[in-house]
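The hints should help you fit chains B, C and D onto chain A, whose structure is shown.
4 protein chains.
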Amino acid sequence: MDFAHDARTEELRADLLDFMTSYVEPAEPVFDEQLAAQPDPWAWDTVPVLQELRAEARSRGLWNLFLPGEAGAGLTNLQYAPLAELTGRSHLAPAALNCAAPDTGNMEVLAQFGTEVQKKEWLEPLLDGRIRSSFAMTEPDVASSDATNIATRIERDGDSYVINGRKWWITGAMNPNATILIVMGKTDPDAERHRQQSMILVPRDTPGLEVKRGMEVFGYDDHDHGGHAELAFHDVRVPVANLIGEEGAGFAIAQARLGPGRIHHCMRSIGLAEKAVELMCERVEGRVAFGRPLAEQGVVRDWIAESRVRIEQLRLLVLKTAWLMDTVGNKGAHTEIQAIKIATPATVQWILDKAIQAHGAGGLSQDFPLARAYAGIRTLRFADGPDEVHKNALARAELRRQAARREGPR
Amino acid sequence: MDFAHDARTEELRADLLDFMTSYVEPAEPVFDEQLAAQPDPWAWDTVPVLQELRAEARSRGLWNLFLPGEAGAGLTNLQYAPLAELTGRSHLAPAALNCAAPDTGNMEVLAQFGTEVQKKEWLEPLLDGRIRSSFAMTEPDVASSDATNIATRIERDGDSYVINGRKWWITGAMNPNATILIVMGKTDPDAERHRQQSMILVPRDTPGLEVKRGMEVFGYDDHDHGGHAELAFHDVRVPVANLIGEEGAGFAIAQARLGPGRIHHCMRSIGLAEKAVELMCERVEGRVAFGRPLAEQGVVRDWIAESRVRIEQLRLLVLKTAWLMDTVGNKGAHTEIQAIKIATPATVQWILDKAIQAHGAGGLSQDFPLARAYAGIRTLRFADGPDEVHKNALARAELRRQAARREGPR
Amino acid sequence: MDFAHDARTEELRADLLDFMTSYVEPAEPVFDEQLAAQPDPWAWDTVPVLQELRAEARSRGLWNLFLPGEAGAGLTNLQYAPLAELTGRSHLAPAALNCAAPDTGNMEVLAQFGTEVQKKEWLEPLLDGRIRSSFAMTEPDVASSDATNIATRIERDGDSYVINGRKWWITGAMNPNATILIVMGKTDPDAERHRQQSMILVPRDTPGLEVKRGMEVFGYDDHDHGGHAELAFHDVRVPVANLIGEEGAGFAIAQARLGPGRIHHCMRSIGLAEKAVELMCERVEGRVAFGRPLAEQGVVRDWIAESRVRIEQLRLLVLKTAWLMDTVGNKGAHTEIQAIKIATPATVQWILDKAIQAHGAGGLSQDFPLARAYAGIRTLRFADGPDEVHKNALARAELRRQAARREGPR
Amino acid sequence: MDFAHDARTEELRADLLDFMTSYVEPAEPVFDEQLAAQPDPWAWDTVPVLQELRAEARSRGLWNLFLPGEAGAGLTNLQYAPLAELTGRSHLAPAALNCAAPDTGNMEVLAQFGTEVQKKEWLEPLLDGRIRSSFAMTEPDVASSDATNIATRIERDGDSYVINGRKWWITGAMNPNATILIVMGKTDPDAERHRQQSMILVPRDTPGLEVKRGMEVFGYDDHDHGGHAELAFHDVRVPVANLIGEEGAGFAIAQARLGPGRIHHCMRSIGLAEKAVELMCERVEGRVAFGRPLAEQGVVRDWIAESRVRIEQLRLLVLKTAWLMDTVGNKGAHTEIQAIKIATPATVQWILDKAIQAHGAGGLSQDFPLARAYAGIRTLRFADGPDEVHKNALARAELRRQAARREGPR
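First to last, the protein sequences are chains A, B, C and D.
Just so you know, we're using UniProt numbering here: the first sequence kicks off at 1 and counts up by one.
Just so you know, we're using UniProt numbering here: the second sequence kicks off at 1 and counts up by one.
Just so you know, we're using UniProt numbering here: the third sequence kicks off at 1 and counts up by one.
Just so you know, we're using UniProt numbering here: the fourth sequence kicks off at 1 and counts up by one.
This is chain A alone, in the form it adopts within the complex (with noise of 0.2 Å):
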């Protein structure tokens, strides 16, 4: 057991912390600014100060860091886990670095799942950054959380597949520019439970594909990543060579894609809960009230060592989780995956919600990054499903351990 990381991971977060310091965290303002004076306010990905920050991170070698294997940059999930955390601390961070969502997840299924010529025509475009994508698969109508509802149907019709049903919540694809968008739905709802599902390639151009609206979460549009549309799909026809795998192949590829997934958000998310204790810090040793500093009154020192406590126990089973994962499989690493998911909007919210009561009404308003970074965290409670789906798993599994070990010799 050791708990230093490795001498690449090290190298890599002294780089890219010089480059979250140095140029992302200065490029906020300027970002915000020039996506204001752009005619599309969801067109956010061709703004100049991102593409400059994108061509920096290239020449640096800190590009599609999240990828494993040789199309990306090789890590492991344990050696990329610290770097996700550090691009948490700047909304502009994983975009910059290529590792934004759902871009990333849909890289690697294209990666994993595509054939050659889904590979030429959509994954090379996304790893260097041409377009974006969004993935399709919550619906407005049943708990999607069980996919067993999924209602889009996704119908062979001779050398095409036709799509009909609605989609919302769909992350990046209010962007004109996410030009792809990877849609689940059922080719067989006989077939059993776990067989319904299939995944193919809808370009967003496609005739039939209605983009509704733009959800918001709390006041919040999101336009500067992409929003989340509600979709409409109306017999929506692409060729059969856009399925991804095989015929109900769907919920198993969209297993896969989540254990990456959810330990890129718990990271990140803990990058933002070290930026919210930062700020915290900062504005309790400015502040007096009745004759005293914040930073000296007891109920402000409770919230900060209740947050550096839960952020240390935190961050660790996240990166456990990571190491499992790389060591034994997403499958083996499946209980932990379920525990960070249920584990870090819970203790990234209390955090938050501790920061901005440290700064005042203020501390609500577009002044700071809190307010927004609580309604982000916010989401993740319901993201693949509600925690309460995820705990109810979580302890059936554990009833089953401990049913095992009672029986078996121990």
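Everything labelled a hint here was simulated from the structure, so no lab data went into it.
The list treats identical chains as interchangeable, and a pair is accepted whether it falls inside one copy or across any two copies.
Here are the simulated SDA-like cross-link-like pairs (lysine to any residue), alpha carbons at most 20 Å apart as the crow flies:
| # | residue 1 | residue 2 |
| --- | --- | --- |
| 1 | 275 | 21 |
| 2 | 212 | 164 |
| 3 | 212 | 223 |
| 4 | 275 | 19 |
| 5 | 212 | 362 |
| 6 | 331 | 401 |
| 7 | 119 | 245 |
| 8 | 275 | 22 |
| 9 | 275 | 404 |
| 10 | 275 | 403 |
| 11 | 119 | 203 |
| 12 | 212 | 41 |
| 13 | 331 | 384 |
| 14 | 120 | 69 |
Same frame as chain A, but now just chains B, C and D:
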């Protein structure tokens, strides 16, 4: 001891509930549409459907219910409290009844401390619902929960007062029809702590008064009730006759204004919590996950039970506080006013969080009123001073009370 | 609506408070010493100082206050509630006033459902304080919060009933002077769910009734109020005249017994919470750490403020419940009775935990009453069914109520 | 970074687990019976079955595992930690392995700071398990988490030191076989804050050392590991050779003693939490209420999931702390040692509360180990200083660290 409302209250509740369900709640989407269609998004109070609601309310005798004495409906706090609760069900209701903050507090101040001329010029049109008003106390650079920190200056110069300073979170002041502001500032920084401050009436169009921007809460700009302005006062000059009460009376007037304001907020918040429970119950009966309605799942039942148990306790404390204000005065009810200020936002925020969770991601969006309600309630943990200040003061009073008990005869 | 107690209540409260501080609280160490000195540690109710307290209480008219109607003091629930609260300040008080559970509930049952013979033989000496009693319902092998699970059999055999079964947590039954038990069992397991059970009077010295052991709560055996016995019934035979009410009436009698019992428990628990706040305040003023009294430290202030705010809310809900029981009956107050059963132990446990923490390790020891009080309150989260059962039922009622509201005219 | 234990640790864990399940856990009822049968209830360490366990442990090489270096098993903290966790499963285990507090800390002190004579006389029999020891630091009259408050005096008088003062919560000291005490007191109250204190060896039978009484924790006297004594020192005279280290070294020795002590406590507490989860899972599968096993009820599932998620995070932080102690020393691990001191009791107390609730009233009784475990864990929120002191210090360190970050180069 008797827990039943009196006959007049019951009658008004029945009338008001009918008005709410027949008129106000159905008008909500109409209001949103009409407001979106007009050129100035901040000029919310001239939207036609709201004018119609106000006419209807007046004709039904549901007008200025908040105001005791002859100028208003003559209700006690205890009679008004359950009516205020009902208005918490819709963001249109307070305005429809001319019972919306900050106008209510401003009307109370003018009725109690204004000169005849001030009443004629400002109170009458406010009571009539022809204009709106703001109350400018909070400042960006200091912890203004401590009134001695207030930095805005009000200086006598001949027949005028000249005002310089900055204010923010001035609710309603983005609305061009909020034609009058009550401004808190210091006339004599060298006086005794609570005699340094004065209040003065400043028409919104006075030269030198700059409306800089609207503050956002989470992503909401709250333009549908006039936003929360940041204001700068650059040598703003008003006649000496605009002073409310005498020089140095500002702190005392602010204290007098607080009690009713807080209790109204608390009652409306309880109405909101009731609505959240309604929405939660409706949602969980219609939604199936993993083979069972959410309404049959233990964790959801726990949320519902806890919500009910917490609301019932909270409401009784608010009602008792109203009763104390009526029987022993605002000063005698000081500890209870503080207690409900502490308890209400915490309780209602908890309930809203669960109601949101029961709605899935939609609960955070524009499709339900929950996320927006959450944002509003969250601000109450700062309004009139953060929770921590009130808890500290309440504990100090308890310690004093206990010391007296130990020493004195029992 | 009126939050003041009536004159009779205020008068009794003053009398009782005087009795508590002049007699009962000073008698506590004497009682402990005298009990320790006598041979049978379980025979607590014959300790001399307690006998003296009882005599004094009788002479002051503070006797059997719990019992409505002519047999008792004729108080309403709302009048008795604040008196019960005061008795929560000392573990001797309920017995000193002849208002201690489980005798109170047993006397209520006998007064309401007993025959004249039963009243003569058992109610009179109980009202007189000459004997003690127990109530035997809970069983070790089943979840007895569900009354249909009860396994003890009461079988008719000629002029006798014959009882077989096991009971535990039978409070008071270790005391040899608890000469009579009310036992709940099944007379007809095939009847409709709530007509299977009956209640019967069983003298403690009946052959076949085995007192197996005293149950401990944490490390306390509670011998100073008769402990909590595990009992076995081996062919225990009593005359048919010992049946209370008719066969099959057991469930209904149990329900009738519950309401007042719960409200008494809740009021006493609030008195205990008040005492904990007193002790906490006294402690933190006298204790200095790192240069400042604990009373000036923010976290301690937070505990005190939260304690006060929670107690005030809780007490009002209990009082309202008492008022409902008086005005619409125990059945009409069902939801509120459940609500206080849920809220009280949670609130008081939280306060005791903080009071203990303020006392340092001593707070857990025999030197203060806090740890023992904590143990007692902790048992209330199970007594008459665990919290989870009550929350589930309360939520189901709320869901039904909301459904009716949605469908019905409002 | 690597989350696997090394080969030696894995081997020892397997051996120890076998010893625990084959010998220690089955011995628990035997020990209780044998202890109850002997005349002195405090003389727990001479109970025959414990002697047998110790012999077996020695023969298996599971002896003095806690002690680094040649005198002990030579394990690092990181190697010992998972073994200490296993010993948390049974209150007999630490003693069976000669790894029980406070002997462990005392042996560490003697091994590190003792003279050859002191080692010969006291360390050897302790390592051998022939005698027991106590550590006397906490005092009743002062907040002794602040070492400068210590009031016990150690005064030089010729060839002796003379000790006067009071101590309480001296674990193990009720046992007549705890023949040696390490006593902390002040040799020079005028020296610099952390040079006032010294430590000295005091044989339990020294004249003037009065064992006044045993302190109880929630009703438990903990006689089965020597209780917690209140001691008075009246002119207790010992030779100068009994001083440990030099005059004024007391504070430094106490600090050195703390690190390992805390980490052992934390690891054992985690073992206890694991046992509680085992018991909870077993219980809820066998218990049916309202038609379904508790194991299928959502609230119970939530408890199990939360327990697992919290334990996993906590254990990793404790292990990392052990690793830091091994790699950068106790001083370098200071913040982490504080963090686990804060996090462990809070987490484990929460889990025990849920495990108790899952057991019904039985969970609070002598029939399960849960209530007693709860009492023990509750004391950890005070041991070596209350949570609030540690949180305050940890926050201060965080504020300093953040200030340095802001100012320094990053």
